[in-house]
Amino acid sequence: KQEVTQIPAALSVPEGENLVLNCSFTDSAIYNLQWFRQDPGKGLTSLLLIQSSQREQTSGRLNASLDKSSGRSTLYIAASQPGDSATYLCAVLMDSNYQLIWGAGTKLIIKP
Amino acid sequence: DVKVTQSSRYLVKRTGEKVFLECVQDMDHENMFWYRQDPGLGLRLIYFSYDVKMKEKGDIPEGYSVSREKKERFSLILESASTNQTSMYLCASKGNWVQNTGELFFGEGSRLTVL
Numbered sequence: 034k035q036e037v038t039q040i041p042a043a044l045s046v047p048e049g050e051n052l053v054l055n056c057s058f059t060d061s062a063i064y065n066l067q068w069f070r071q072d073p074g075k076g077l078t079s080l081l082l083i084q085s086s087q088r089e090q091t092s093g094r095l096n097a098s099l100d101k102s103s104g105r106s107t108l109y110i111a112a113s114q115p116g117d118s119a120t121y122l123c124a125v126l127m128d129s130n131y132q133l134i135w136g137a138g139t140k141l142i143i144k145p
Numbered sequence: 004d005v006k007v008t009q010s011s012r013y014l015v016k017r018t019g020e021k022v023f024l025e026c027v028q029d030m031d032h033e034n035m036f037w038y039r040q041d042p043g044l045g046l047r048l049i050y051f052s053y054d055v056k057m058k059e060k061g062d063i064p065e066g067y068s069v070s071r072e073k074k075e076r077f078s079l080i081l082e083s084a085s086t087n088q089t090s091m092y093l094c095a096s097k098g099n100w101v102q103n104t105g106e107l108f109f110g111e112g113s114r115l116t117v118l
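Chains as they are written, first to last, in the working numbering: chain B, 34 to 145; chain F, 4 to 118.
Because the hints were derived from the structure by calculation, they are not lab data.
All C-beta atoms in this analysis are idealised placements derived from N, C-alpha and C, irrespective of residue type, glycine included.
A portion of the hints provided could be inaccurate.
As the list claims (entries may be wrong) - Covered stretches of chain F, going by a simulated chain B footprint (3 or more residues, C-beta under 8 Å):
#1 46–55
#2 105–116
Said to hold, decoys possible - Taking lysine-lysine and the DSSO-like style, the derived pairs with C-alpha atoms no more than 30 Å apart in a straight line are:
#3 Lys101(B) with Lys56(F)
#4 Lys73(F) with Lys34(B)
#5 Lys58(F) with Lys34(B)
#6 Lys75(B) with Lys74(F)
#7 Lys73(F) with Lys60(F)
#8 Lys75(B) with Lys21(F)
#9 Lys56(F) with Lys140(B)
#10 Lys73(F) with Lys75(B)
#11 Lys34(B) with Lys16(F)
#12 Lys34(B) with Lys140(B)
#13 Lys75(B) with Lys58(F)
#14 Lys56(F) with Lys75(B)
#15 Lys73(F) with Lys140(B)
Said to hold, decoys possible - Which stretches of chain B does chain F cover? Using the computed rule of at least three CB atoms under 8 Å from a CB of chain F, they are:
#16 59–69
#17 72–78
Bound conformation, chain B alone (with noise of 0.2 Å):
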């Protein structure tokens, strides 16, 4: 059975840092990976979207990257800021189903 693990579940750092969000997973099986944010009560925003073939994503100052082999993948957010503060989610998308399977999340603060 696929396990999702986010680690660590919140993040406190210094604006302008760079810094990286881990997304483990059990199962190397899988169709795609793809990392949300949400902001308090809101809904999830897609960040990036990395298919099983791909190495990595890019968007803006963040860039995701994924290795099948390990069960791992990584969230790398640039010079960070206080806008970037939210809660990070990965989901990973079995071969065979329609259903995601959901990190907890990590909780990132930037501070001022």
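We have chain B already, so just place chain F on it with the hints.
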């Protein structure tokens, strides 16, 4: 821009009332989902639909039903609301593998309080 719209951001209902949560997407997506999100429990799938009039139970379907009469609209129904259904409800949609990459898009959420 992709758009998933949930009809109500905030609702307050009484125990035993029938509740309808509506979700509309404008991306011609085949697949639509209803999740609930609770502190400490994360996102849990209630129901999903992979085509018009088709539905599948998710992890926690008890106490809920759904309706998908048109491709763009997916409704979540609480036949008799109970206090333990107080939660944030999130609708999402996703295309099939022919249509696009399989990226999942969410609405803004509906926070339901049952008194």
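Status of the hints after comparison with the structure:
no., hint, verdict
1, 46–55, "holds (count 4)"
2, 105–116, "holds (count 9)"
3, Lys101(B) with Lys56(F), "violated, 36 Å"
4, Lys73(F) with Lys34(B), "violated, 34 Å"
5, Lys58(F) with Lys34(B), "holds, 23 Å"
6, Lys75(B) with Lys74(F), "holds, 25 Å"
7, Lys73(F) with Lys60(F), "holds, 19 Å"
8, Lys75(B) with Lys21(F), "holds, 24 Å"
9, Lys56(F) with Lys140(B), "violated, 38 Å"
10, Lys73(F) with Lys75(B), "holds, 26 Å"
11, Lys34(B) with Lys16(F), "violated, 37 Å"
12, Lys34(B) with Lys140(B), "holds, 25 Å"
13, Lys75(B) with Lys58(F), "holds, 26 Å"
14, Lys56(F) with Lys75(B), "holds, 28 Å"
15, Lys73(F) with Lys140(B), "violated, 37 Å"
16, 59–69, "holds (count 4)"
17, 72–78, "holds (count 5)"
Of the numbered hints listed earlier, those contradicted by the structure are 3, 4, 9, 11 and 15.
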